[in-house]
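Those sequence lines, one after another, are chains A and B.
Everything in the first sequence is counted per this note's numbering, starting at 9 for the first residue and increasing by one.
Everything in the second sequence is counted per this note's numbering, starting at 173 for the first residue and increasing by one.
No wet-lab data here; the hints were simulated from the structure.
Quick caveat, the model's predicted, so the values are computed rather than measured.
Fair warning: there could be bad hints in the mix.
Stated by the list, open to error - Listing some non-contacts, in silico: residues in chain B with all C-beta distances to chain A over 12 Å: (1) PRO179; (2) LEU191; (3) VAL241; (4) THR245; (5) MET247; (6) VAL334; (7) LEU338; (8) ALA342; (9) THR343; (10) ARG349; (11) SER350; (12) ILE383; (13) LEU412; (14) ALA428; (15) GLN430; (16) LEU434.
Claimed, not checked - Just some of the chain A residues that point at chain B, by a computed CB distance under 7 Å: (17) ARG59; (18) LEU60; (19) THR81; (20) VAL85; (21) TYR89; (22) PRO108; (23) THR111; (24) LYS116; (25) LYS130; (26) PRO134; (27) TRP138; (28) GLY147; (29) VAL186; (30) TRP190.
Heads up, the beta-carbon is just placed ideally off N, CA and C, and yes, glycines get one too.
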Amino acid sequence: MLFSFKDITYTLGFEQTREITVSGSVADGEALVVRGPSGAGKSTLLRILARLQSSGEGDVFLGEKNWLEIPATAWRVSVHYLAQKPALFDGTVAANLAIPFETSVCSKKVFDTELAKTIMNKILLPVSLWEQDARTLSGGEAARLTFVRALLIEPKILLLDEPTAALDENARHAFYDVLKDWLEKEGRAAVLISHINDYEGLKRVSFLDI
Amino acid sequence: MESSTIPISNWQLAFTVLLVLITGGISAFLKLGLLKPLLWGTVRTFVQLSLIGYVLTYVFKTNNIWLVVFMITVMCIIASKTAVKRTPNVPDYPSALAFAALLASTYLVGTIVVVLIISPEPWYSARIAIPIFGMILGNSMNGIALSLDRLYGDVRARVAEVEAMLTFGATPWEAVRSSVRESVRSGMTPTINSLMVVGLVSLPGMMTGQILGGADPRDAVRYQIVVMLMIAAAVAIGCLLLVGLSYKKMFNRDGALQSFMLQSRK
């Protein structure tokens with residue numbers, strides 16, 4: 009298994025707390041779809057897997073390696089969480105795509121502008137947006153831009169929190185085409201949350217219900 | 173320096189209560205609800221200042237270095253408690269950190285000013301050291317309170333961006349660097365502004381005091397220049413230290429944001 013998690017335990021709610029324990033795994037080239045009603049703790053699970061918040065118990069493995077063997081900063085690049093609300097920074101679209109490379113962990117990677125433009129094209133973001141102020145993008149454009157940015161830092165596992173929630177029909181198809189192509193390459197997998205069952209474009213899908 | 177202060181007698185002092193009546197009259201007329209705090213504040217002003225007058229007389233007379241250090245340290249404790257009390261963005265902030273930042277910045281800058289620039293005899297002269305340290309503390313206190321509040325407020329407002337930076341492999345420092353910069357800037361802005369308008373908009377309190385005390389305005393100006401620059405340095409160091417000590421508290425051991433940063437302010 010490329011990525012697996014065992015007995016991840018966390019609590020939800022404040023007054024009436026519920027304890028949740030989940031396990032799951034995803035193989036190379038596969039997408040794991042996390043299903044469950046609103047408030048079931050799907051986003052929390054993804055955030056825990058990305059080490060954006062701590063869990064009570066449980067182990068996560070990337071390949072053979074336990075998550076505690078990898079520094080959190082490097083982990084978050086390899087097991088990369090893409091929030092549902094797109095996070096954009098002051099500056100142009102190009103500047104936003106370049107931002108990850110400012111961190112010391114990503115500084116060795118090179119910002120490939122050609123690759124960025126190719127992916128933008130595929131996902132129906134016109135390259136003419138390149139110099140546009142990122143704060144003026146629409147919700148759907150912003151969501152796709154942050155997805156492009158996530159691909160550029162070459163993660164191994166993508167944790168996608170309702171990536172298509174703000175997208176129209178065409179953009180959604182384009183998104184899954186890009187994700188499907190991305191999964192083709194060895195050593196990659198995705199965990200995604202989706203409320204609408206629109207992942208049919210993907211080749212290998214498994215499910216986790218919580 | 174000749175001393176030609178015109179003393180204020182008890183009767184003259186009592187007459188200033190008239191000023192309180194004016195303020196109280198306005199408050200009552202507009203129903204501002206400030207009457208009680210105004211009266212309480214007036215009483216405190218009288219009591220606190222009268223007491224400190226006796227304390228200072230004693231401290232100046234004995235001029236003991238340990239007593240001076242003790243007084244300044246107590247002033248730091250009070251200033252740090254006050255600084256963290258009025259920061260709505262940071263509930264339950266430990267005043268120990270503010271104390272550490274204030275203590276270090278105040279002693280560093282204050283010692284330079286008293287020992288190297290003013291060089292009284294003896295070098296720890298209470299008559300010089302206590303007012304100088306007091307002025308530094310009064311300004312640093314406001315500076316660090318502003319920057320602390322700004323730091324937490326800014327990170328809360330930019331939580332999505334900070335977390336995005338974390339997902340790109342950022343360390344806590346890399347994730348909040350721009351907020352840290354903003355918060356130090358906001359702590360220093362009032363001081364920089366006062367450097368710009370000093371003498372044009374108002375005569376600073378210390379200079380006014382010296383002039384009322386009969387000093388040559390040109391001497392008073394020299395002192396004021398030293399004071400302004402020392403305040404700027406102390407505020408800069410204090411803000412930097414406190415923000416440097418504070419930003420890590422927003423993150424857990426794994427370098428992710430603490431859950432309280434993601435929730436509404438309580």
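Hints, one by one, checked against the model:
{"no.": "1", "hint": "PRO179", "result": "holds (59 Å)"}
{"no.": "2", "hint": "LEU191", "result": "holds (49 Å)"}
{"no.": "3", "hint": "VAL241", "result": "holds (42 Å)"}
{"no.": "4", "hint": "THR245", "result": "holds (38 Å)"}
{"no.": "5", "hint": "MET247", "result": "holds (40 Å)"}
{"no.": "6", "hint": "VAL334", "result": "violated (9 Å)"}
{"no.": "7", "hint": "LEU338", "result": "violated (6 Å)"}
{"no.": "8", "hint": "ALA342", "result": "violated (4 Å)"}
{"no.": "9", "hint": "THR343", "result": "violated (6 Å)"}
{"no.": "10", "hint": "ARG349", "result": "violated (9 Å)"}
{"no.": "11", "hint": "SER350", "result": "violated (9 Å)"}
{"no.": "12", "hint": "ILE383", "result": "holds (48 Å)"}
{"no.": "13", "hint": "LEU412", "result": "holds (22 Å)"}
{"no.": "14", "hint": "ALA428", "result": "violated (5 Å)"}
{"no.": "15", "hint": "GLN430", "result": "violated (9 Å)"}
{"no.": "16", "hint": "LEU434", "result": "violated (8 Å)"}
{"no.": "17", "hint": "ARG59", "result": "holds (5 Å)"}
{"no.": "18", "hint": "LEU60", "result": "holds (5 Å)"}
{"no.": "19", "hint": "THR81", "result": "holds (5 Å)"}
{"no.": "20", "hint": "VAL85", "result": "holds (4 Å)"}
{"no.": "21", "hint": "TYR89", "result": "holds (5 Å)"}
{"no.": "22", "hint": "PRO108", "result": "holds (4 Å)"}
{"no.": "23", "hint": "THR111", "result": "holds (4 Å)"}
{"no.": "24", "hint": "LYS116", "result": "violated (11 Å)"}
{"no.": "25", "hint": "LYS130", "result": "violated (22 Å)"}
{"no.": "26", "hint": "PRO134", "result": "violated (23 Å)"}
{"no.": "27", "hint": "TRP138", "result": "violated (20 Å)"}
{"no.": "28", "hint": "GLY147", "result": "violated (13 Å)"}
{"no.": "29", "hint": "VAL186", "result": "violated (19 Å)"}
{"no.": "30", "hint": "TRP190", "result": "violated (17 Å)"}
Hints 6, 7, 8, 9, 10, 11, 14, 15, 16, 24, 25, 26, 27, 28, 29 and 30 from the earlier list are contradicted by this structure; the remaining hints agree with it.
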